[in-house]
Amino acid sequence: MDFEKYDLTHFKNGLAEFGVIPNEFQLRQFMQYYELLIEWNGFMNLTAITEFEEVCTKHFLDSLSLCKAIDCQKELSVMDIGTGAGFPGIPLKIVFPNLKITLLDSLGKRVKFLNEVIEKLGLNHIDAIHGRAEDFAKPDLLREQFDVCVSRAVANLSSLSEYCIPYVKVGGLFISYKSEKSTEEVTSAEKAVGLLGGAFGKQFDFVLPNSDIYRTLVVIEKMKATPKKYPRKAGLPTRDPL
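Following numbering that gives the first Met the number 0, the numbering of the sequence shown begins with 0 at its first residue and continues without gaps.
Don't take every hint at face value.
Computed beta-carbon distance windows for the label pairs [stated by the list, open to error]:
{"no.": "1", "residue 1": "LEU140", "residue 2": "GLY193", "range": "32 to 42 angstroms"}
{"no.": "2", "residue 1": "PHE203", "residue 2": "GLY170", "range": "17 to 27 angstroms"}
{"no.": "3", "residue 1": "PHE203", "residue 2": "VAL169", "range": "21 to 31 angstroms"}
{"no.": "4", "residue 1": "PRO138", "residue 2": "GLY200", "range": "18 to 28 angstroms"}
None of these hints come from the bench; they were simulated from the model. Idealized CB from N, CA, C, for every residue including glycine.
Could you put together the complete structure from these sequences and hints?
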């Protein structure tokens, strides 16, 4: 593959703002990931963002901004709900190979793409699962198995909390990536978060490197076990938020 055509200056500068200095192998993995993304995007809908520098900023750097909220150098198990084309889970895995990551998506074609990326990039201790968040949160499956659950999915925080908090161990974190100031959304989600065993922690507001794009990471701490009745059956958390 001809990787010489890519100018990585802005991407490397952006990573440096996060305190990340990638090695050459990791940079090649990002370029390979980009090429697979564009190839597969030609016959299925993975992303509307296709220009290399935009993907680097709006997908790769955005995904890696998690390191503003937690120490990603730790040995952590991470669940990525509604991962889509692998964001934030795959960029996090490339830069922080110590993370053990599970990607969950409801569309089988996207999971095929994720498995192709995992294989071609030679990533270990990362799994892609096809299914709905409501189904895998059962006690005999993945309920309360993870140190951290993350989601960049576009949904209101009440619904997202019902999908994500059940996966988090007591003492762990659910971190929601938001694209705007979320004071109002946080206020309206307080009841849901409390019912699910969580409590709001710190919120991290910042502008993505190389851009004027505002981002927020909303941190929710898991204080006690989620009651067995949550999450409710498929579709309800979205249609009728707590």
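Here is how each hint holds up against the structure:
1. The beta-carbon spacing between LEU140 and GLY193, approximately 25 angstroms, falls outside the hinted interval of 32 to 42 angstroms.
2. Take PHE203 and GLY170: their Cβ atoms lie about 20 angstroms apart, and the range 17 to 27 angstroms holds.
3. The hinted window of 21 to 31 angstroms between PHE203 and VAL169 holds, with their beta carbons roughly 23 angstroms apart.
4. Evaluation of the 18 to 28 angstroms hint for PRO138 and GLY200 yields a pass: the beta carbon distance comes to about 25 angstroms.
In terms of the numbered hints stated before, the structure departs from hint 1 and from no other.
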